[in-house]
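**Student:** Chains as they are written, first to last, in my numbering: chain A, 1 to 579; chain B, 1 to 579.
Treat the hints with care, since some could be wrong.
Derived lysine to aspartate or glutamate pairs resembling EDC-like cross-links, with alpha carbons at most 16 Å apart [unchecked claim]: (1) Lys-201/B with Asp-332/B; (2) Lys-532/B with Asp-466/A; (3) Lys-122/A with Asp-479/B; (4) Lys-525/B with Glu-503/B; (5) Lys-122/B with Asp-332/B; (6) Lys-525/A with Glu-513/A; (7) Lys-122/B with Asp-297/B; (8) Lys-392/A with Glu-503/B; (9) Lys-532/A with Glu-490/A; (10) Lys-392/B with Asp-479/A; (11) Lys-392/B with Glu-490/A; (12) Lys-525/A with Asp-492/A; (13) Lys-525/A with Glu-490/A; (14) Lys-392/A with Asp-537/B; (15) Lys-201/A with Asp-332/A; (16) Lys-122/B with Asp-479/A; (17) Lys-532/A with Glu-215/B; (18) Lys-525/B with Asp-546/B; (19) Lys-532/A with Asp-466/A; (20) Lys-525/B with Asp-537/B; (21) Lys-540/B with Glu-490/B; (22) Lys-122/A with Asp-299/A; (23) Lys-540/A with Glu-513/A; (24) Lys-532/B with Asp-492/B.
These aren't lab readings, by the way, just hints derived from the structure by calculation.
This one's a predicted model, so the numbers in the text were calculated from it and none came from an experiment.
Number of protein chains: 2
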Amino acid sequence: MRRARYLPMLDWAAAYDRNTLVSDLIAALIVTIMLVPQSLAYALLAGLPAQVGLYASILPLIAYALFGTSRTLSVGPVAVISLMTAVAAGGVAAPGSAEYVAAALILALLSGLILVLMGLLKLGFLANLLSHPVIAGFITASGILIAVSQLRHILGVPSHGETLPTMLASLWPNLPEVRPVTLTIGVAATAFLFWVRGGLKPLLIRAGLARRPAELIAKAGPVLAVIASTALVAGFGLEVATVGAIPTGLPPMAAPLFDPALWSALLVPALLIAIIGFVESVSVAQTLAARRRQRIDPDQELIGLGTANIAASFSGGYPVTGGFARSVVNFDAGAETPAAGAFTAIGILIAVLLLTPLLFHLPIAVLAATIIVAVLGLIDFGLFAELWRYAKSDFAAMAGTVAATLFLGVETGVLVGVGVSLALYLWRASRPHAAIVGLVPGTEHFRNVLRHRVITAPNMVTLRIDESLTFINARWLEDRLLALVAERPELDHVVLMCSAVNEIDASALESLEAINHRLGDAGVKLHMSEVKGPVMDRLKRSSLLDALSGQVFLSQYDAFRQLATDPVGGEAKTIAIAD
Amino acid sequence: MRRARYLPMLDWAAAYDRNTLVSDLIAALIVTIMLVPQSLAYALLAGLPAQVGLYASILPLIAYALFGTSRTLSVGPVAVISLMTAVAAGGVAAPGSAEYVAAALILALLSGLILVLMGLLKLGFLANLLSHPVIAGFITASGILIAVSQLRHILGVPSHGETLPTMLASLWPNLPEVRPVTLTIGVAATAFLFWVRGGLKPLLIRAGLARRPAELIAKAGPVLAVIASTALVAGFGLEVATVGAIPTGLPPMAAPLFDPALWSALLVPALLIAIIGFVESVSVAQTLAARRRQRIDPDQELIGLGTANIAASFSGGYPVTGGFARSVVNFDAGAETPAAGAFTAIGILIAVLLLTPLLFHLPIAVLAATIIVAVLGLIDFGLFAELWRYAKSDFAAMAGTVAATLFLGVETGVLVGVGVSLALYLWRASRPHAAIVGLVPGTEHFRNVLRHRVITAPNMVTLRIDESLTFINARWLEDRLLALVAERPELDHVVLMCSAVNEIDASALESLEAINHRLGDAGVKLHMSEVKGPVMDRLKRSSLLDALSGQVFLSQYDAFRQLATDPVGGEAKTIAIAD
Chain A
1 MRRARYLPML
11 DWAAAYDRNT
21 LVSDLIAALI
31 VTIMLVPQSL
41 AYALLAGLPA
51 QVGLYASILP
61 LIAYALFGTS
71 RTLSVGPVAV
81 ISLMTAVAAG
91 GVAAPGSAEY
101 VAAALILALL
111 SGLILVLMGL
121 LKLGFLANLL
131 SHPVIAGFIT
141 ASGILIAVSQ
151 LRHILGVPSH
161 GETLPTMLAS
171 LWPNLPEVRP
181 VTLTIGVAAT
191 AFLFWVRGGL
201 KPLLIRAGLA
211 RRPAELIAKA
221 GPVLAVIAST
231 ALVAGFGLEV
241 ATVGAIPTGL
251 PPMAAPLFDP
261 ALWSALLVPA
271 LLIAIIGFVE
281 SVSVAQTLAA
291 RRRQRIDPDQ
301 ELIGLGTANI
311 AASFSGGYPV
321 TGGFARSVVN
331 FDAGAETPAA
341 GAFTAIGILI
351 AVLLLTPLLF
361 HLPIAVLAAT
371 IIVAVLGLID
381 FGLFAELWRY
391 AKSDFAAMAG
401 TVAATLFLGV
411 ETGVLVGVGV
421 SLALYLWRAS
431 RPHAAIVGLV
441 PGTEHFRNVL
451 RHRVITAPNM
461 VTLRIDESLT
471 FINARWLEDR
481 LLALVAERPE
491 LDHVVLMCSA
501 VNEIDASALE
511 SLEAINHRLG
521 DAGVKLHMSE
531 VKGPVMDRLK
541 RSSLLDALSG
551 QVFLSQYDAF
561 RQLATDPVGG
571 EAKTIAIAD
Chain B
1 MRRARYLPML
11 DWAAAYDRNT
21 LVSDLIAALI
31 VTIMLVPQSL
41 AYALLAGLPA
51 QVGLYASILP
61 LIAYALFGTS
71 RTLSVGPVAV
81 ISLMTAVAAG
91 GVAAPGSAEY
101 VAAALILALL
111 SGLILVLMGL
121 LKLGFLANLL
131 SHPVIAGFIT
141 ASGILIAVSQ
151 LRHILGVPSH
161 GETLPTMLAS
171 LWPNLPEVRP
181 VTLTIGVAAT
191 AFLFWVRGGL
201 KPLLIRAGLA
211 RRPAELIAKA
221 GPVLAVIAST
231 ALVAGFGLEV
241 ATVGAIPTGL
251 PPMAAPLFDP
261 ALWSALLVPA
271 LLIAIIGFVE
281 SVSVAQTLAA
291 RRRQRIDPDQ
301 ELIGLGTANI
311 AASFSGGYPV
321 TGGFARSVVN
331 FDAGAETPAA
341 GAFTAIGILI
351 AVLLLTPLLF
361 HLPIAVLAAT
371 IIVAVLGLID
381 FGLFAELWRY
391 AKSDFAAMAG
401 TVAATLFLGV
411 ETGVLVGVGV
421 SLALYLWRAS
431 RPHAAIVGLV
441 PGTEHFRNVL
451 RHRVITAPNM
461 VTLRIDESLT
471 FINARWLEDR
481 LLALVAERPE
491 LDHVVLMCSA
501 VNEIDASALE
511 SLEAINHRLG
521 DAGVKLHMSE
531 VKGPVMDRLK
541 RSSLLDALSG
551 QVFLSQYDAF
561 RQLATDPVGG
571 EAKTIAIAD
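Next comes chain A alone, as it looks inside the complex (with noise of 0.2 Å):
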């Protein structure tokens, strides 16, 4: 299975047969019809012509088909993604121009190669930096500004910015001009969406059919408002905006523009398209798979997203990571394997060229309608509470994303809410979990004195550690220690009990042996117990066990009994060390 970690389609093609193949094509059909609207939408959204959400659904997909590690992802636009795309080539060019679509290929290929570089590098573990309350709080704020910013699509007025103050802003001087035909079919096609995607399915099963069937059609919503919006608008000649002329025929193959000035300005934005891209789609990836006991390698999940993206970037597209909706919708129509992706492909290919004609009285209210209903599901408020409840520290780390994101535009959102969630995190780690131990009466067991009823003695403290002793706890353990020291002129005796300690590094040992000395200097004698393995097999390799004042011994028991002198206690005693 060696050569499978970089092509896993080795993992599927030999087992593929004829049952496989027509699940993976009637999957491939309907998120096909799926796709259509939504590629045409969120193009929009990423302020690009609309073929090119077309675009990036045909050789992105068979890239990731070929590359990618999930059965059932299926790759595409996205909201947030066209969102970040929109902000990023918003900041270099202007939109509609040609620069602007060059600005969004070069986001694709840099995203790409930062992905493939990460898959390579195995670096998979960078996207651990976003936690769970920055994505969600960055999904909400992204949700609440995409909503808004297709507000003046709906209404038929222009408006711009890039964070919540700006669009409103920018949105209020123009609601005199808004347009009644285009508001009155955007605002029915978002009522239609929303009733298709609470009342139709309920409404299908009660009418005889079966539940999945009944699933399916209600996904399909949207694609029955473009349908009847589009012969509405062409049948009695509606004056609104349209999606007009698209180019018919095979996606334009072509490098993207090497312009050293303007990859150097998209470097940044895109290393952010692609870490949020990738968390967003191996989350999705996860769920499916584990659903059907399979597994993703997100590692190889890089290099299948990267290479989509690289794709995306030669043949037309933009940013491309994997879908929720639509992923669900693969997975629930039976796709059983990546070729289903492929085949959607080729659906998409037959749209471009033979359906474009056909699009072009499909009213923008109506795909902003599409945007609008889809985004609202990303809102998440119900969290803040939850969080609130929970810790803290969470509820403060989402709070910031969702503030930064809507006030300071979606990269400065990103960036500080792994700015907040790292030095909580950090804060956390260097105070790490220990507490002074005292034997618990009649046994050979070691407990906290402040929650039990344990023996000590006032010749010797052993310090138990809960955590692995590096850097970012070394200079605590120094304090803790001469702090005990300070406050216990008694003491000949301090043990540090290892059994929780996994590793200690550089740091940490040059802080033992500081410890070791200073303790020395005040006359007091340092020794270890129940030091792992591991562990002692590295300390051997330095200088600090020769240097020690006290011993290492194999367990606490040997150590108390060794060193305590007229213990005392049994009962609950507090001491006044804060834990």
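Please build the complex by placing chain B on the supplied structure of chain A, with the hints as guidance.
**Tutor:** Just chain B now, kept in the frame of chain A:
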């Protein structure tokens, strides 16, 4: 003692008596003698007029005596901070210009404000980001840069540059211009100072002196070199670069220049100066405090060092911090309270008012020699070998920091070091220690199946997590558990043994909910055992416990007894899971 939190003076001033006064006065006298040539030399290293070094040794010492917590730390100019000042000020102004001096004052003010702010916000833990290998690597590389930068004064030729290659490249073409008299004095002074450092103390002891006075006289070596060389140059009228006229009189009292563009350009350098200065100073202060079983408070130290720097910025100085060699002399000379520092300030003030004319003929080559001999003691190549043996990741952090500092400059060096340390830390933190455990026969204990002969059951698996569950390792937990289930089709139960889990943050909670849901889809129940009290209290405020497909067991033994069917083993087993 609450008041003493922000004014530690109140801790010692009440008990001040005649004996303490005499001890402090003697120490202050000795430190003053040592500090005069040192402050001149370090001002030279910083590219500033000689008197700036003296000014930086007056008010800052008084400020630290009021607000610092170490009783024996000697604050003032130090080598590494002087180098960093030269680099930062050199980035915005030409050495020798009035703007350059103004930039040094702004650096002192900004780093002082940063330190005070960090102290008030109790952000001392941020200093943990500098791991021991990074600090050691930075100090070693800085020592090399400083020594090389001083070669020009020994050789009597101009050179410049901020990295090792640029320094050497600018020195090389000037070598034919070397001035023999300067070179002779410089080499003689260097040789003398090396001999003093190693050979004078044993000689004095053999001559009948006690150990401590012998040590103190040996530390006064630079003063002897200064007096002898000044007399030589003045007596024979030698043509060498000398300190020249130093203005006599009180330090100039003025606020630093307010120039927003300059301030924002110097903000990052000031931050680096603040953090490096703090880390250096705190480790010196801790070493000395521990010898007398005293304590220092790192957060209050931030305030002490911060006010010292602010004082420097208002009295014509430049950034200061606690110096190692000088503090040891202060300690050995018997300083008992921070009043010794205040008396030293008075000593330097007297020197500024009376002694500066005597320094007119002091050769700069001799000051350069004192710097070279001092900083060569900072260089620690032996640590490379130790780290290579002890831990490759720590070696990589040190090597990266040394290379970045030497070849990219001091500021990049610190940033690269912190980046490398943090990345390595987060990488390890994202892969926490965990073990699949089984029952030790005849006991109620559970141990790692890979290391012990234990009993397991085919229908259940128990994973003991040895660290807190947070966003850093939440994704790992999902991957690990889903992999377990994917690889063992016969599983009915997964138990998470949480005996070492001190915290579950919102991201890990979300992961547990997802895992529970996904395992449920796969027909496997998720259980937890030995959840600690505070963790359980929090979980009760979440929806996990309601949704959990399995149970929460008080003890792992209960879980095993209730869930295991057909337990097998009791012999060493190998199970196909990498650990």
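**Student:** Are the Cα positions of Lys-532/A and Glu-215/B separated by 16 Å at most?
**Tutor:** Since the Cα atoms of Lys-532/A and Glu-215/B sit roughly 43 Å apart, the hinted pair is violated (cutoff 16 Å).
**Student:** Just to be careful, I want the Cα atoms of Lys-122/A and Asp-299/A compared with a cutoff of 16 Å; is the pair within it?
**Tutor:** Cα-Cα ~5 Å, so holds.
**Student:** Are the Cα atoms of Lys-525/A and Glu-513/A separated by 16 Å or less?
**Tutor:** Judged against 16 Å, a Cα distance of about 12 Å means the pair holds.
**Student:** Hey, Lys-122/B versus Asp-479/A, does the alpha-carbon distance stay inside 16 Å?
**Tutor:** holds, 14 Å
**Student:** Would you check the hint for Lys-201/B and Asp-332/B, treating anything up to 16 Å between C-alpha atoms as holding?
**Tutor:** Holds - the C-alpha atoms of Asp-332/B and Lys-201/B are around 15 Å apart, at most 16 Å.
**Student:** Taken at face value, is the distance from the CA of Glu-490/A to the CA of Lys-532/A at most 16 Å?
**Tutor:** violated, 30 Å
**Student:** Does the structure keep Lys-525/A and Glu-490/A at a Cα separation of 16 Å or less?
**Tutor:** Status holds; Cα separation ~12 Å.
**Student:** Given the proposed pairing of Lys-122/A with Asp-479/B, does the C-alpha separation stay at or below 16 Å?
**Tutor:** holds, 14 Å
**Student:** Is the hinted pair Lys-392/A and Glu-503/B satisfied, with a Cα-Cα distance of at most 16 Å?
**Tutor:** holds, 13 Å
**Student:** Is the straight-line distance between the alpha-carbon of Lys-532/B and that of Asp-466/A 16 Å or less?
**Tutor:** Between Lys-532/B and Asp-466/A the Cα gap is close to 13 Å, so the pair holds against 16 Å.
**Student:** Holds or violated: Lys-392/B with Asp-479/A, Cα cutoff 16 Å?
**Tutor:** violated, 27 Å
**Student:** Would you check the hint for Lys-525/B and Asp-537/B, treating anything up to 16 Å between C-alpha atoms as holding?
**Tutor:** violated, 22 Å
Of the hints listed earlier, those the structure fails to meet are numbers 4, 5, 9, 10, 11, 17, 20, 21 and 24, in rising order.
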